[in-house]
Structures are given as structure tokens and as C-alpha cells.
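Given next are the chains, with one letter for each unit.
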Amino acid sequence: MFKYYFDDFHPGWTFEFGARTLSAEDIISFARQWDPQRYHTDEEQARASPYGGLIASGWQTACVGMRLMCDGYLNESACVGSPGIEEIRFLKPVRPGDTLRFRSTATEARPSKTKPNRGTVTFTWEVINQLDEVVLSMIGTQLFLRRTAAAEDDA
Amino acid sequence: MTKKFHFEDFTPGRVWEIDGPTVGKDEIVEFARRFDPQYFHVDERMAEDSPYGGLIASGWQTVGICMRLICDAYLLQAASLGSPGVNEVRWTKPVRPGDRLRMKMTVLEAKISRSKPDRGTVLHRWEVYNQHGDMVMHMEGYGMYARRPE
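As you go down the protein sequences, you meet chains V and Y in turn. In this note's numbering, each number is its position in the first sequence, counted from 1, plus 3. In this note's numbering, each number is its position in the second sequence, counted from 1, plus 85.
It is worth saying that the hints were derived from the structure and are not from the lab. Beta carbons: idealized from backbone N, C-alpha and C, even for Gly. Treat the hints with care, since some could be wrong.
As the list claims (entries may be wrong) - Pairs of lysine-lysine, DSS-like flavour, derived with a Cα cap of 30 Å:
hint, chain 1, residue 1, chain 2, residue 2
1, V, 95, Y, 201
2, V, 6, V, 118
3, Y, 88, V, 6
4, Y, 110, V, 95
5, Y, 189, Y, 178
6, Y, 110, Y, 178
7, Y, 189, V, 6
8, Y, 178, V, 118
9, Y, 196, V, 118
Claimed, not checked - Residues of chain Y placed beyond 12 Å of chain V at every Cβ, according to the derived structure:
hint, residue
10, 100
11, 101
12, 153
13, 167
14, 192
15, 204
16, 233
Chain Y extracted, bound-state conformation (with noise of 0.2 Å):
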């Protein structure tokens, strides 16, 4: 199958700029519900009493979607081979029901494989920002992808 994007294609300092959804409080509850059932996520009357003042999102929820932006961003049509992993996870701020995000994925490094060469690590920085253009959350995470065919 040929893709659109290769280890080529992810040149450091590249950006994409990517428009996200307005985070519902259903969906917030629901997704808690299923993976993070902690009070201020699934429980607006408790939230209120607790230290962010109301609900909010997950953390995971925040990188879920930002991992479903970048899968329909461009990741879909790569040569992905998957990740080894992700650093740097930083939760700056609150996401609250009726929040819209907004992503920049930006390239820091491409290094091509010593030990497979058709293939190179990518290091991507993701930072999400919602309508008030404040980050809620930023990290660092690797990708592989094959390099492409000559």
C-alpha cells in the first residue's frame, strides 16, 4: 500500500496545525466512567468541592484526542511503525466541558536507524491549546516510520 508521508517527509522543525472538537461534559464523564473514575472527572457536584472548582477532563481523554487529530491528520496515511514511547506529559491546565482544542504537532528531531536502515525514529512535540489559546497539555513522543522506497 503506499503511503503519503515517510520518514522523509517528518523534517525537524515541520508543523501541523490541527482544529480539534469542543469537549462535551457527557463525554467527559463517559470516557472517566470507563478509564479514570476519580470524583472531578465523573462527578459534577462533588468536582465542585474539589480543588479545580468544577469538572474536568481526563488526562488521557486530552491525549486520546489529540491521538485520533493526529491519526486523521496524517499518521493514517504514514509509513507508521508504531512508538517505543512518549516523554514529558505536562497537564498544564484544566480541560472543562465546553472547551475547544486545538493542536500543534511540531518535529524536533528524524534520526534514521543504525541497526535498520529503511526505517528512522521521529521525535514529535505535541501542544494543545484551547479557545482561550491557554496549553493544556504538551509532550513528547517518538514515532518510527519507514523511510521512503527509492
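So here's chain V without its partners, still in its complex pose (with noise of 0.2 Å):
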């Protein structure tokens, strides 16, 4: 079964994990593919942007974030999905040979009124870069079974 059910994600509960770092090649790769913008995709062209410089593409900071998440616990939790996202910020480029490392802080849990097997939870989530600055935050919500509903699968 699984490490973490709705009941383990009470508000303050709290996880970190990490590190990622992004070489120019990530973020060129991931943009060519995914935003290929000339700011993520050029580094000369980049150089004269707003940016001054190569800098990643915001999904891909949201993606490396998922990734650590899910390495980090998710992968060992009783998650069945996201409705969505109530905001995502992206508050601080991310330039080539930034380390990004990944926070979650839970910070509401409703159990689900229909369905008595699970809940909904709110995470605030960070990605953090080497220098402990927040370069993009997320307000998200996910669905987990409770621990109670798989005792009385397994029964």
C-alpha cells in the first residue's frame, strides 16, 4: 500500500526535496520542444532580450517541479489526480547551472462530501534555486484515498 494517504496532509505539513540543476542544454532541449521562444531557445538571441541571457522556460521550472514531487513522496502517496492549478507565478528567471530544489506545504484539507473515500488537499508548492530564492509558486490542489478507505479494500 501506500506511505502517505489525505489523512497524512494536514495544514503545515511540509516536505522538501531536491536538487535538480538545468545545464543550457536542458533548457534549450526542453524549449525546442515544448516553447520555443528566442529566449529559451538562443543563447545569443537571449543575450539581447530583457532577459540578458538564456533563461528556462516557465513550464519547464512547473515540470522539473513535478518530477521532484513525485520522487520526493508522490509517487508513494494514494494520489488519484489534480482538478488543477489556482495560480502559478513565475517570479524569477531560471538561468543554466541553477539548482532547483522543490517545497510543499499543505495548507487546507477538505474530505470529499460525495465520495467518503478521499479528500481534496491545497499545496502551496516552491521551487527554490541555490541562492534560497522562490523562482516560481504554485497554488495547487490534489485528490488522495484515505488511509481508512484502503484498510477496508485490503478487508
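Join the two chains, each given in its own frame, into one complex according to the hints.
Here it is, written out as C-alpha cells:
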């Protein structure tokens, strides 16, 4: 069974995990596939942009955060998906050589009214660089099965 | 470099309709192995026992597909200065192998910056539909664009 259930994510629960360093090649390769804007794919053109150099697509930073969440705890959890994200803020550029870590903080946990075997948890998710600057923040929700429901399934 | 689209081109109510790709099973698994390796995105057999009853794409893959569609439709020809963020991402239906996506982008708001009058912020709504006409995702995203030089 799983290590983490709905019941474990009380407000104030926090988990930090990392790190992942992004190279220029990582940034360019992601952007060529998903977000080929000049400041993500071309070092020379990026220098002439308002960012003064190559920066990662914000979606790459979000994806790196997602992967760190999976490796940190999500793949050991009874997560059954996410209805969505309330907000995503791209707060600081991520540049080649930046080392990113991920922090998750639960802010609210609500048992489902219609499906008593699960509940919704709201989190603040932050991606943080090696200077301890938050480069991306999100407020997102996920659904988790309850521990009691899992125990009943086993019985 | 002269750009085709500036702040002035994103007038509230303007709509872009963009045809998207068919999402294959291998792409779903490959994306998820890199970025979102939850079992219902990477393991067909385990996904069958999940609440989704089969493999579904990571919501981040749907976002990535849309970002690329937007880039090819207008963003690479726009005087874009980046994005401060996104609001209200909703994954309203699963995207499954073989689904063909299309998106509709609507300009909701356009405001000239008070502190930097050479640019403005545009609020876009993205809606993504599958081949059955069901909405699979929507979100609202901000983009900053330079104003057209006089």
C-alpha cells in the first residue's frame, strides 16, 4: 500500500526535496520541443532580450517541480489526480547552472462530501534556487484516498 | 527584428482557433517518465486499476502541447516579453491515447503598463477540447507584449 494518504496531509505539513541542476542544453532541449521562444532556445538572441541571457521556460520549471514532487513523496502516496491549479507565478528567471529544489506545504485538507473514501488537499508548491530564492510558486489541489478506505479495500 | 503581433493586436474578444495533434500512447508514457511518473501516466496495466480506468496524459503534457501550439500560431511572431503567471488551470477531463486536441485562445483583457508605458499585459483564456468536443482543460494566462513602435 502507500506511505501517504489524505489523512497525512494536515495543514502545515511540509516536505522539501531536491535538487536538480539545469544545464543550457537541458533548457534549450525542453524549449525546442515545448516553448521555442528566443530567450529559451537561442543564447545569442537571449542576450539581446530583456532577460540578458538564456532562461528556462516557466513550464520547464513547473515540470522539474512536478518530477521532484513525484520522486520526493507523490509516487508513495494514494494520489488519484489533480483537478487543477489556482495560480502559478513565474517569480524569477531560471538560468543555466541553477540548482532547483522543491518545497510542498499543505494549507487545507477537506474530506469529500460525495466520495467518503477520498479528500482534497490544497498545497503551496515552491521551486527554490541555490540562492534560496523562490523562482516559481503554485497553489494547487490534489485528491488522495483516505487511509481508512484503503484498509477497508484490503479487508 | 520586426514582429507581426504587438500589444495592440490582442484586443479583448479576439479569438485564435488552433488545431492540435493526436496524442499517442508512447508520447504520454515518455513525457510522464521524464516529468510526472505517476502510475496512471506511465503504466498501462496499473492505470487500468486506477480511478481513470486506463492510461491518461499528465496535465502538464496538455499544457506543454498548448504552449507549443500557441508558439507556432502567433507567439513566435509576437513581441512577447514573457509571462508573470497563470491562473485557474483546470483539468476537466482526462486526455487518453488517441485523443485529438484543438484549442481556442480568447483575449480577455489588455492593459497598458503604468510603470512601463512601452508595454502591456494581456490576459488570455485557453480552452482545450478533444475530438468529441469535450473540454479537457482550461486556464487563464498573462502575457506581456511590447507596444507597436510609432
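- prompt: Hint by hint, which ones does the structure fall short of?
  reply: Hints 3, 4, 7, 9, 12, 13 and 15 contradicted; others consistent.
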